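Participant: Here's the letter readout for the chains.
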Amino acid sequence: MSFGDGWYPVALAGDIEPGQSAGTRLFDREFCIWRDADGCPHAWEDRCPHRGMRLSFGFVRGDRIACLYHGWQYDTQGRCRFIPAHPDLDVPPTIRVAAYPCLDRLGMLWVYSDATIETPPDLSLEQSGVVPVRSLYIESAPAAVMQLLPPSSKNIGTAGLPLLSIDAEGQHLIAGIQPFGKAKTALHIVLPCAVDNQRSTARSKAAIWAEELRHDLEQEAVSSTASAFSEVAP
Amino acid sequence: VTELTLYDDELDDQCYKARLLFGALRRPYRKIAVDVHPGAEQRSAPFLKLNPQATLPILTENDLVLCGAEPILAYLARKYDTTRTWFPDEPETFGRIMQWLAFAVGDLRAASIARANALFECEADATAVHRASRRAFRLMDDHMIKQEFHDAAWFVGGTPTIADIALFPAIALSRDLGVDHDEYPALRRWMRRMRTIPGFITMPGIPAFH
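Chains as they are written, first to last, in our numbering: chain C, 2 to 235; chain A, 3 to 212.
Excised from the complex, chain A in its bound form (with noise of 0.2 Å):
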């Protein structure tokens, strides 16, 4: 039986941009609730036979094993996205997507260790890690101002791509570190933008309602 299978924390970040391109893709696939916070289960003998690195999310189908948020978007949108929008061939929209992919996994990291140390008392040094988080939201936000002079919406051109969906999470949830949207309003105006894919969910952080 071939079962797309994701190993999953409701309240981690990274799983949160697997779950979001699934419910974008209307694909259904299989999720293994993983007792990151208090269990440290990722760092068991079992799963660290599946990803050494000890993170999730996890992408399991057939023989092949994927780790990691940004393999996991490109191989699902490369493999089920008939629209071909959301990671496009094209090889200027494909160079663009990339640099932001590598920026969330990059810049934006930042964000994600902010949070685990906020809310999960990770180690990390809280000043640094903040300030870096902020400078890589304004760049974000820099790059909206201008891409709406152009009368683009997305990250990258006129539709939503897996650029998009691996850059939401860390500033949909900063308020977790203790950064609001005061001063990001091209990101507050593409936030809302995200809000109206069809498929998309929340996750705890992220209200339902706005």
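If we strip away everything but chain C, and leave its shape as in the complex, we get (with noise of 0.2 Å):
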């Protein structure tokens, strides 16, 4: 699996509740993710145009985010369309934010890394159909973390989708690889199929699970880096 420009996880759908906006990043690019009031999600750089504010920090009302800084207002498509100290301003239309391609699929929400595309890849993941059970961040790079991943994992995205089925002592998982930064990595895990039976027993034991993965992945992560230096020192 390579981590180049293509459809990314970047939270867990629910994560991100209508009229909520939370900040990520994709290779260390900071990112605004946030869904309107009608629940429609949106992934723009997370930067104000005026003042470099995150968006991110700023608050959504009804189908527009403003920036927590000056107020300004942008619409869906990512243009600026109200100005709080100059409320009679027709805003210039070259005031916009970049938008990413954004979309709900696998109980993930997912974003396109290249905002300058015409048209992405088709995603052809199924809407819904999944239990969610946790987004987890991991301090370790996306290819370390990759390598120490339980045997069993097998990639099961399509088109290079990082998408992975995992058996987890039992339970099978699906995660999806968010390439965080450098030295973090996030999995958005979830179970494959909607268990009404016994749901909190599954997503706990499957939670529980990822906490112990967090913890060898980052001891591993610790003991490679100190090899690394035991490697150069005398």
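Errors might be hidden in some of the hints.
As the list claims (entries may be wrong) - In silico DSS-like pairs for lysine-lysine, Cα to Cα no more than 30 Å straight-line: (1) K81(A) - K185(C); (2) K183(C) - K148(A); (3) K51(A) - K33(A); (4) K148(A) - K206(C); (5) K155(C) - K148(A); (6) K155(C) - K183(C).
What the hints assert, rightly or not - Computed beta-carbon distance windows for the label pairs: (7) G97(A) - Q78(C): 48 to 56 Å; (8) G72(C) - R32(A): 30 to 38 Å; (9) R97(C) - E5(A): 50 to 58 Å; (10) S205(C) - F96(A): 19 to 27 Å; (11) V223(C) - R32(A): 30 to 38 Å.
As the list claims (entries may be wrong) - Listing some non-contacts, in silico: residues in chain A with all C-beta distances to chain C over 10 Å: (12) P54; (13) T95; (14) I199.
For the record, the hints were derived by calculation from the structure and aren't laboratory data.
Note that the structure is predicted; figures quoted are calculated from it, not measured.
Beta carbons are placed, not taken as given, at the ideal position from N, Cα and C, and that holds for glycine.
Build the complex: two chains, separate frames, hints provided.
Facilitator: In structure tokens, the structure reads:
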């Protein structure tokens, strides 16, 4: 699995509620992800064109997000529509935020990593039909995480989609991989079917497994750093 | 005259805990602003008589002088919460709340130190307290993820308690120390719930809009 331009999961779908914004990263680039009041997801460059404030700190009202700093309001296309300090101004269309393709699939929020692409490739995944477990943020490089996942893990994403099937001590999980940054990786973990019976037990079990996985992966990250140092030590 | 008095610093995360509970309990009180930055008034002789630890908040009522946010939360809840929900007697709930109060003054203390270091140039090992803060926030997020699986919306059970109040300021103000909320989805949801508590108030660094 290589981490080039493409679709990446950046959150569990339910973790960004309608009217809520949050920050995240792909390859250390900052993104603002938010849902408008109708629940439609958006992923933008996390920077207000006015003063560079992170838009993810802002607040959503209806189908607009407003910057926390001076209240500049942007519509769902990323175009600035209202500047409170100049209420009568017809805002020039050039004031806009770069918007990335963004979709809900398989219980996760997916972002295409290139904002300039005209038509991104299809994201051929089911829209839902999964049970969310949790997002897991691991202090370790994406490539290192990939190497250290349980050996039974299988890449199930077609066309390079970063999606894994994992056997977690007998429990089947699906994880989307987010290359957050050089030294950080996020896994967005779901249960593949709507297990209504024992649902909370299954989710708890998966969440506890995930915490252990994170612990192991970070231990590995620490010890591999330590051994890298010891190799150059006199 | 019996008057509830809070010696307070508007910018202090610990004082905010007391103000939050006063708000939620709808309890009127007298607030005395202490000049902490730059005056260091809490280290002056009259204040050291009240609290030799030279910290805020301090609560006084009649002859009682209470220092530190968590004891003040416990006292106010016991005395003025007519609903008995903020700090219930039931042993298991009581024990769990105490555990989170201990966490707030233990592991989570790093976040207060890191913030004081970032904002007010108080001395600290910036790298170490930053790391310790993130470890504490992660532990809180792990807990709330599992709470939600059992439809428990708060740190202890189905209603807000003084545990939630004691834990809220550190993560709500975490951007002051350069820690974003990106990695804590369950805490983001919980912080939104905190804002729906009747009588909720903000402080500088916690935007009224969200």
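Participant: Compare the structure with the hints numbered earlier in the document and write down the numbers of the violated ones, lowest to highest.
Facilitator: The structure conflicts with hints 1 and 11, although it agrees with all the remaining ones.
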